[in-house]
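Those protein sequence lines, which keep their order, are chains A and B.
FYI, in numbering that gives the first Met the number 0 the residues of the first sequence are 0 to 208.
FYI, in numbering that gives the first Met the number 0 the residues of the second sequence are 0 to 153.
A portion of the hints provided could be inaccurate.
Quick look at which bits of chain B chain A covers, simulated, 3 or more residues with Cβ under 8 Å [said to hold, decoys possible]:
| id | region |
| --- | --- |
| 1 | 51-61 |
| 2 | 100-111 |
In the SDA-like style, the derived pairs of lysine to any residue whose C-alpha atoms are separated by at most 20 Å in a straight line are [stated by the list, open to error]:
| id | chain 1 | residue 1 | chain 2 | residue 2 |
| --- | --- | --- | --- | --- |
| 3 | A | K29 | A | D3 |
| 4 | A | K63 | A | K131 |
| 5 | A | K29 | B | M71 |
| 6 | A | K29 | B | D62 |
| 7 | A | K131 | B | G43 |
| 8 | A | K131 | B | V61 |
| 9 | A | K63 | A | V8 |
| 10 | A | K29 | B | A25 |
| 11 | A | K168 | A | G154 |
Calculated directly from the structure, the hints in this document are not laboratory data.
From a predicted model like this one, the values you see are computed outputs, not experimental measurements.
All residues carry an ideal CB built from backbone N, CA and C; glycine is no exception.
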Amino acid sequence: MEADDLSLVARARAGEGEAFRVLVVRYQRKVYAVALGIVKDRDQAWDVAQEAFVRVHRGLDGFKGESSFSTWVLRIATHIAIDQVRHERASRRESVDEVRESDLGGAGDGILATSLGADPHANALRRELLGKIEEALAALPAQHRTILVLRELEGLSYEELAVRLEIPKGTVMSRLFHARKKMQALLRGYAGLGGDAGGPKDPQEEEGP
Amino acid sequence: MSRECLGFAPMLSARPGELGAADEEALRRHLAGCDACQARLADGAAAAGLVAEGLLAAAARVDLAPLADEVMARVGRRGLAGALRWLARHRAVAAATALAPAALALGLVLYFGGEADVAPLAGEVEVVAEGFAPVVLTGEEGPVVLLGEAAEGS
Numbered sequence: 000m001e002a003d004d005l006s007l008v009a010r011a012r013a014g015e016g017e018a019f020r021v022l023v024v025r026y027q028r029k030v031y032a033v034a035l036g037i038v039k040d041r042d043q044a045w046d047v048a049q050e051a052f053v054r055v056h057r058g059l060d061g062f063k064g065e066s067s068f069s070t071w072v073l074r075i076a077t078h079i080a081i082d083q084v085r086h087e088r089a090s091r092r093e094s095v096d097e098v099r100e101s102d103l104g105g106a107g108d109g110i111l112a113t114s115l116g117a118d119p120h121a122n123a124l125r126r127e128l129l130g131k132i133e134e135a136l137a138a139l140p141a142q143h144r145t146i147l148v149l150r151e152l153e154g155l156s157y158e159e160l161a162v163r164l165e166i167p168k169g170t171v172m173s174r175l176f177h178a179r180k181k182m183q184a185l186l187r188g189y190a191g192l193g194g195d196a197g198g199p200k201d202p203q204e205e206e207g208p
Numbered sequence: 000m001s002r003e004c005l006g007f008a009p010m011l012s013a014r015p016g017e018l019g020a021a022d023e024e025a026l027r028r029h030l031a032g033c034d035a036c037q038a039r040l041a042d043g044a045a046a047a048g049l050v051a052e053g054l055l056a057a058a059a060r061v062d063l064a065p066l067a068d069e070v071m072a073r074v075g076r077r078g079l080a081g082a083l084r085w086l087a088r089h090r091a092v093a094a095a096t097a098l099a100p101a102a103l104a105l106g107l108v109l110y111f112g113g114e115a116d117v118a119p120l121a122g123e124v125e126v127v128a129e130g131f132a133p134v135v136l137t138g139e140e141g142p143v144v145l146l147g148e149a150a151e152g153s
């Protein structure tokens with residue numbers, strides 16, 4: 000039977016290296032995936048994941064188990080990843096947060112839903128798009144990548160996103176809206192349904208989370 | 000599409016309970032009469048999970064086995080560094096640790112030194128054996144044996 004996280008943490012805290020290795024192996028895929036989504040570079044994501052686990056080990060004595068071990072690890076990883084992309088700045092902050100009328104003029108609204116169908120897991124197009132997610136995320140501004148990853152992969156709520164990103168809840172909602180809209184436009188493009196895939200992005204929208 | 004959509008579009012990705020009751024009710028009423036927002040909602044639902052699934056799939060294509068080794072190697076080094084930091088914080092223990100060899104040496108000297116007092120070597124002793132005449136000198140550094148040829152007839 001597999002040991003649970005807390006008992007492994009206790010053993011690792013007592014100096015049992017193998018227990019900590021089990022925890023690393025157990026969560027390295029998710030930690031790497033979160034890092035990759037935010038920093039968009041595989042080597043950088045590797046470094047972020049490695050640093051996250053080292054910091055986790057350093058902080059074992061302070062881990063009280065108030066949140067789950069996986070939540071704690073992912074929080075540390077996202078902090079490191081966000082720090083890595085903070086230098087991605089832009090002069091037009093409003094472009095990633097404000098919702099304007101022009102943002103709602105998408106002629107493609109609804110096409111993705113129609114094409115992906117009612118049973119997404121049995122859909123060939125969905126499988127094809129899954130292979131494009133890394134590329135699509137890399138085409139988004141850092142703030143959009145970050146909030147999408149935190150929402151989708153970590154499953155954070157609006158309130159948790161507001162705390163983690165240190166922005167108001169209203170900004171969380173509008174930023175998520177923009178991030179999703181751009182992601183959907185890219186996916187429509189990959190699917191040949193009309194969209195932004197492969198198109199030039201506005202470099203001014205690049206900015207830190 | 001109406002200007003109302005500007006306010007409601009950001010609410011479309013909310014999970015149950017994330018909006019206040021008033022906002023939820025207002026969104027429900029808006030959706031009932033807005034085809035554009037219904038289409039946006041449907042797109043969001045269709046694409047739900049793609050980011051998470053896609054990233055985990057991308058991570059699964061990477062051989063992450065060396066990552067654990069690298070982490071453990073760094074953690075091991077930190078373990079040693081941590082021990083040194085701990086000693087630095089606990090100077091009394093560090094001092095005791097550092098002085099332990101000296102204390103042990105002192106103890107040995109006192110113990111064996113006491114025995115030496117019982118039968119002290121003093122002066123010069125000459126021993127003749129098989130043609131050699133070892134001369135044992137006792138100085139401050141301890142006994143020194145000098146080997147020399149024995150004198151004829153001795």
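Here's how the hints hold up against the structure:
no.: 1; hint: 51-61; result: holds (count 10)
no.: 2; hint: 100-111; result: violated (count 0)
no.: 3; hint: A:K29 with A:D3; result: holds, 17 Å
no.: 4; hint: A:K63 with A:K131; result: violated, 39 Å
no.: 5; hint: A:K29 with B:M71; result: holds, 18 Å
no.: 6; hint: A:K29 with B:D62; result: holds, 13 Å
no.: 7; hint: A:K131 with B:G43; result: holds, 17 Å
no.: 8; hint: A:K131 with B:V61; result: holds, 16 Å
no.: 9; hint: A:K63 with A:V8; result: holds, 10 Å
no.: 10; hint: A:K29 with B:A25; result: violated, 37 Å
no.: 11; hint: A:K168 with A:G154; result: holds, 16 Å
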